[in-house]
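Given chain G, work out where chains W and X should sit, using these hints.
Protein chains in written order, with my numbering: chain G, 1 to 322; chain W, 323 to 665; chain X, 666 to 961.
Do not rely on the hints blindly, as some may be mistaken.
As the list claims (entries may be wrong) - Below, a list of computed lysine to any residue pairs in the SDA-like style, where the Cα atoms sit at most 20 angstroms apart:
| id | chain 1 | residue 1 | chain 2 | residue 2 |
| --- | --- | --- | --- | --- |
| 1 | G | Lys-10 | X | Met-802 |
| 2 | W | Lys-394 | W | Ala-341 |
| 3 | X | Lys-697 | G | Met-152 |
| 4 | X | Lys-694 | W | Ala-341 |
| 5 | X | Lys-697 | X | Ala-687 |
Bear in mind the hints are in silico, worked out from the structure with no lab data behind them.
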Amino acid sequence: MRGFAKFLVKRLVALVVTMSLVIAVGYVLMYYSPGTFFSSANIAAALGQLRIEDPSLYNQYLHEFQSRYGLNQPLITQVARYVWHSLSFNFGNSFENPSVPIMSQLQKALPISALLAVGSIVLAVVVGVPLGVVAALKRNTWVDSTLTTLSMVGQAVPAYVLGVILVLLFGVWFPGVLPVNGWGSVGQAVLPVVALSAGNVAVVTRYTRGSMVEALRQDYVRTAEAKGVRHRRVVMRHVLRNSLVALVTVIGPTFAFTIISTTWVEQIFSIPGLGSLLFQAFPDKDVPLAITSVYILCLLVMGMNLVVDLLYRVLDPRVKLE
Amino acid sequence: MAAEPLLAVEGLRVCFERAGGSIYAVNGVDFSVAPGETLGIVGESGSGKSVSVLSVLGLLRANGRVTGGTAKFMGKDLLKLRRRQLEDVRGRDIGMVFQDPMTSLNPTMRIGDQIMEAMLSHHYTSRKGAFERTLQLLEEVGIPDGRARFRNYPHEFSGGMRQRVMIAMAIACEPQLLIADEPTTALDVTVQVQILALLQKLQQRRRMSIILITHDFGVATNVCDRIIVMYAGKVMESAPLDDFLSRPAHPYTIGLRRSVIEVGDEGRELAAIPGMATVLTEPPRCCPFASRCSFAEDRCSDVLPELRPLGTEHFVACHRAEEVLSAVQARKPVGQEVVSRAG
Amino acid sequence: MAAITLSPRAAVSAQRRSSQAALAWRRYKRNKLAVFGAGGVAVFLVVGLIGPWVAPQGYQQSNFLYANQPPSLRFPFGTDGLGHDMLSQVLWSFRNAIEISFGATLVSFLIGVALGLWAGLRGGVVDMVVMRAVDFMYALPNFFLSLILVVTLGRGIFPILLAIGVVGWAGYARLIRGLVLGMRNGEMVEAARALGATQAHIARRYLLPNVTNSMLIALAFGIPFDLIAMGALSLFGLGPRPPLPSFGNMIAQAGANVLGYPWLLYFPAGIFAVILLSFLFVADGLQEALNPRGGS
Numbered sequence: 001m002r003g004f005a006k007f008l009v010k011r012l013v014a015l016v017v018t019m020s021l022v023i024a025v026g027y028v029l030m031y032y033s034p035g036t037f038f039s040s041a042n043i044a045a046a047l048g049q050l051r052i053e054d055p056s057l058y059n060q061y062l063h064e065f066q067s068r069y070g071l072n073q074p075l076i077t078q079v080a081r082y083v084w085h086s087l088s089f090n091f092g093n094s095f096e097n098p099s100v101p102i103m104s105q106l107q108k109a110l111p112i113s114a115l116l117a118v119g120s121i122v123l124a125v126v127v128g129v130p131l132g133v134v135a136a137l138k139r140n141t142w143v144d145s146t147l148t149t150l151s152m153v154g155q156a157v158p159a160y161v162l163g164v165i166l167v168l169l170f171g172v173w174f175p176g177v178l179p180v181n182g183w184g185s186v187g188q189a190v191l192p193v194v195a196l197s198a199g200n201v202a203v204v205t206r207y208t209r210g211s212m213v214e215a216l217r218q219d220y221v222r223t224a225e226a227k228g229v230r231h232r233r234v235v236m237r238h239v240l241r242n243s244l245v246a247l248v249t250v251i252g253p254t255f256a257f258t259i260i261s262t263t264w265v266e267q268i269f270s271i272p273g274l275g276s277l278l279f280q281a282f283p284d285k286d287v288p289l290a291i292t293s294v295y296i297l298c299l300l301v302m303g304m305n306l307v308v309d310l311l312y313r314v315l316d317p318r319v320k321l322e
Numbered sequence: 323m324a325a326e327p328l329l330a331v332e333g334l335r336v337c338f339e340r341a342g343g344s345i346y347a348v349n350g351v352d353f354s355v356a357p358g359e360t361l362g363i364v365g366e367s368g369s370g371k372s373v374s375v376l377s378v379l380g381l382l383r384a385n386g387r388v389t390g391g392t393a394k395f396m397g398k399d400l401l402k403l404r405r406r407q408l409e410d411v412r413g414r415d416i417g418m419v420f421q422d423p424m425t426s427l428n429p430t431m432r433i434g435d436q437i438m439e440a441m442l443s444h445h446y447t448s449r450k451g452a453f454e455r456t457l458q459l460l461e462e463v464g465i466p467d468g469r470a471r472f473r474n475y476p477h478e479f480s481g482g483m484r485q486r487v488m489i490a491m492a493i494a495c496e497p498q499l500l501i502a503d504e505p506t507t508a509l510d511v512t513v514q515v516q517i518l519a520l521l522q523k524l525q526q527r528r529r530m531s532i533i534l535i536t537h538d539f540g541v542a543t544n545v546c547d548r549i550i551v552m553y554a555g556k557v558m559e560s561a562p563l564d565d566f567l568s569r570p571a572h573p574y575t576i577g578l579r580r581s582v583i584e585v586g587d588e589g590r591e592l593a594a595i596p597g598m599a600t601v602l603t604e605p606p607r608c609c610p611f612a613s614r615c616s617f618a619e620d621r622c623s624d625v626l627p628e629l630r631p632l633g634t635e636h637f638v639a640c641h642r643a644e645e646v647l648s649a650v651q652a653r654k655p656v657g658q659e660v661v662s663r664a665g
Numbered sequence: 666m667a668a669i670t671l672s673p674r675a676a677v678s679a680q681r682r683s684s685q686a687a688l689a690w691r692r693y694k695r696n697k698l699a700v701f702g703a704g705g706v707a708v709f710l711v712v713g714l715i716g717p718w719v720a721p722q723g724y725q726q727s728n729f730l731y732a733n734q735p736p737s738l739r740f741p742f743g744t745d746g747l748g749h750d751m752l753s754q755v756l757w758s759f760r761n762a763i764e765i766s767f768g769a770t771l772v773s774f775l776i777g778v779a780l781g782l783w784a785g786l787r788g789g790v791v792d793m794v795v796m797r798a799v800d801f802m803y804a805l806p807n808f809f810l811s812l813i814l815v816v817t818l819g820r821g822i823f824p825i826l827l828a829i830g831v832v833g834w835a836g837y838a839r840l841i842r843g844l845v846l847g848m849r850n851g852e853m854v855e856a857a858r859a860l861g862a863t864q865a866h867i868a869r870r871y872l873l874p875n876v877t878n879s880m881l882i883a884l885a886f887g888i889p890f891d892l893i894a895m896g897a898l899s900l901f902g903l904g905p906r907p908p909l910p911s912f913g914n915m916i917a918q919a920g921a922n923v924l925g926y927p928w929l930l931y932f933p934a935g936i937f938a939v940i941l942l943s944f945l946f947v948a949d950g951l952q953e954a955l956n957p958r959g960g961s
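Isolated chain G (complex conformation) (with noise of 0.2 angstroms):
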C-alpha cells in the first residue's frame, strides 16, 4: 500500500504543478490580450454605465478588482496572486457580471458539464466495447465492414456539425419529438449526448475491434483453445479481458476531447454548462471567469486521467505503478 501512497503523492503534486504553469500561461496571455480586463483603466471604461448610475458600488468593484488581482503591481506577482487563488479555490467575482462570485456560477455548471462528458464516455463504452466486440468475432464480413464505415464517419464529424444537424432535425424537419435545447428534463439531454457521444461511441468500437483481432492472434488464446475451454469464456476473459487494456489507454485522450466537445454542444443546445460559461466570457474579454472555466475543466480531465492510470494498473498486473 506504501507503493500507492507514494503513486498518488506524486499524482497530486504533478496536478498541482500543471495546473499552476495552465493558469499562469492563461493569465499572461490575457493580459497582453488587446481590450484587456487586467487594466484598471480597461475595467473603467466597461463599468463606465454603472459609474452614472452607482457611483459607490462602482469604486467598490474597481477597488474590489485592483486589491484582488493587484493591477498595479508588476505581472510576476499578479501571476502569483491569481495561481495561489485559483489553486485555493478562491475565484472572486465576475466581471461582466461584478455582483456575482464565479464560484456560485461554477457549482451550478460544473455538475451538468461533467455529467455530459462522464455520461457520454461511459455511454461509448457500453455501447462501443459490444460494437467493437461484434466486429472483431466477425471481421472481414459484411457486419464488420458496416460497422468500421461507421465508426469512421462517426469520428469524422465533429461534435458541433452533428449537434447542428440534429437541430435541424428535431427542430425543423421533425418538430416536436425531441427538445433541442434548454436542459433539465430527460428528453432535453437525448440529443446533446448523442451529438456528443457518437464520436466517442466511434473510437471505442474501433480500438476495442483492433485490440481483439489482435488478443484474438495472441498464442495464449490458442492455449485456452488447446485445454477446451468453452469458446463463449475464451472471448470474454481470454480475449476481450485483454483487450481492455488497450482501450482503457486510449480513454484519457479521448476524455481530454469529450471536454472539448462537451463546450460546443452546450453551446448549441443551449445547455447552461461550463462550456456556456466559457462562451460567455471569451469575447467579453470576462478574464476570470474565462481562465477560470479552463482550470476547472482542465481539473475535470486529470481526474479522469488519474482514475485511468489506476484502473490500467489493476487490468495489466505487468504494469507498476512509477
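Then chains W and X, alone, in the frame of chain G:
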C-alpha cells in the same frame, strides 16, 4: 503386439489460403500413436509437423483448412467433430504443450487459475477439488511452494518454470495423450534436459502417450519410442527408434542425423543438407526432397514415392530406399558427401 | 506454431523500394473509401484554388432585395440575412479552410519535428523535458489554449493558424523522437551495420521509408483535426473575422438561425462534413496501405 492405436491419422491434407494463392502444408500424412508410446515427429520449419497436429485438434489459424484425411481417436474421427465435441476432447482426453511459454500463457491471469481453468472447463472436479489438485500438480511438475506460487502471474516465472506450468495445465485432467510442440526450443539447454526428464517421468507414472514434435533430431532420439520424419508436408520415414539409429533408409533422415552436433565432434566438418526447405504452392507430384538429395535420379523428379514398408514397423517414402540402406550399412560414403573424422 | 518459412528475402535493392511503393499504392486502391476520400481531397484543393474565380459573386456582395431566400436557380444555395449568395460564400470558404488547416498543420509539424529531433538526438535532460511537455500537451484539452491565443493574437488568418498550430505539435514530436531513437538503437540498424552498410545507406534505405510513412499518416490525420478546431473557434465567435466567410462561421450562424432558414445549414455543414470525411478516409487508407496488418 500391435495394440489398437490411440490416435490414428490417415491421409491428412491441410491447405492455407493466402492472397497470392494456396500453400499446401500437409500432403497426405499417416501416423499413429499406441497407448503408452512416445512418438517423435521430426522435421525442419515448414515441414508441416506442427500443422498436422494442430489440425487434428482443430487449432489451425483462420486461413487454414483441412482438405482431406481422417484422425481416429477413441472411436471418433476428430476432423469431423463439431466445435462443442472438440472442446470436450481438448484438454480432457488430449493435452497440449506449446513452444513459447511466455506468449502461450495469459499474462493477466494467475497461473493457478489457468491450471484450474483446465479442470473446471470439463467439470473434472469441484472447485475445491480443482484447487487441491492444482497444488498437487505444481508439486508434481517440480514447482516448489505451490501455495504461494499459485497466485503468481506468468511474468513472475522463469522460462523453464513457465513451461512446467504449461505441462501442469496440459495433464490436469489426466489425458490419455499429451502433445508437446517443440516444448524445449525456447529454453536454455540445461533446462531442456529437465523438461524432457519431467515429461518422461509423467509418462511413466500415468501411462500416457506422448507426441513430441521437434526439429532437434537429438532430442527425439533421446526420448522417443518411434519417430517419423516429415518434409514438405509428407512423411519421409517412420520407424521404431532402433531402426532409426541403425538402419535409416531415407536420404533426408541420414542428412538430419549427420547434422546433429555432439560432444566429441570437434574437427568434423559441419554436414549440412544443401539447399533450403521448400514451401509448396501446389500439391507435390514428385519427391519434394529430390532437388536437395544426393541420391536423386531422374525417377525422383517424376514420380511421387509412396510410403512403403521396409521392415516390420519401418516405412519409407523413397524410390531408392534399399540402396540407401545398404550404403549406410556398408558404411560407404553416402552420395557425394565425404565425412572424415579427425583423430 | 506451424511456421511456413519462405526463402529469405534478398537485400533491399532500389528495385524493391519502388515496388514497395507500387505495392502500397495497389493496397490503397483496393480500399474504395480511401479512393473516394482521395477524390474528395482533390476536389477540396481544386476548389480552394479556383473557388474565388468561379464564384458568381464576391463574398462581400450583398443582394439586400433577396435576403433570406431559399435555394433557387439564381442562388443555388440560397441567401442569408444580408443577402449574400451562399454558393459564393461556400466557394470562398474553401480558400481560408485550406490556408488555416494546412498552415496550422505545418506549424505543428515544424515545431514537433524540431522538438522531437532535439529530444531524440540530445537525450538526457532535454529528452526528459520535451517528453514531459508532450505528456502535458496530450493530457490537457488544448483547444482552450487555442481559444485564449486567438483572443490574444487576434482573428486574422495567420494568428488563427498559429493559435491552432502551436498546440498540436505533441503527436509529431513523439513520433519523430521515437523514430530517431529507433534509428540509433534498432536491431535492424545493427544488422545492417554488421553487414557493412554505411550510415547514409542505412538512413536512406531503412529509416527514411519508415519515417516518411508515419509522418504522412500523421499529417493526413492532422489536417482534418485542425479543420475541426478552426470550425469550433467560430462557435466561440473567434473564427476568421467577417465579412470573410468560413465554414465555421456559416455553421455557427446557421445553427443559431436554423429554425427559420434551414438551408443556411445544409450546404456548409454537409460540405464541411464531406471534406472531413474525405481526409479521414484518406488517412485511414494510407494507414492500411503503408502499415498493413493481417485482416484475418
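Query raised in the report: Among all the numbered hints in the text so far, which are the ones the structure does not match?
Result: 2
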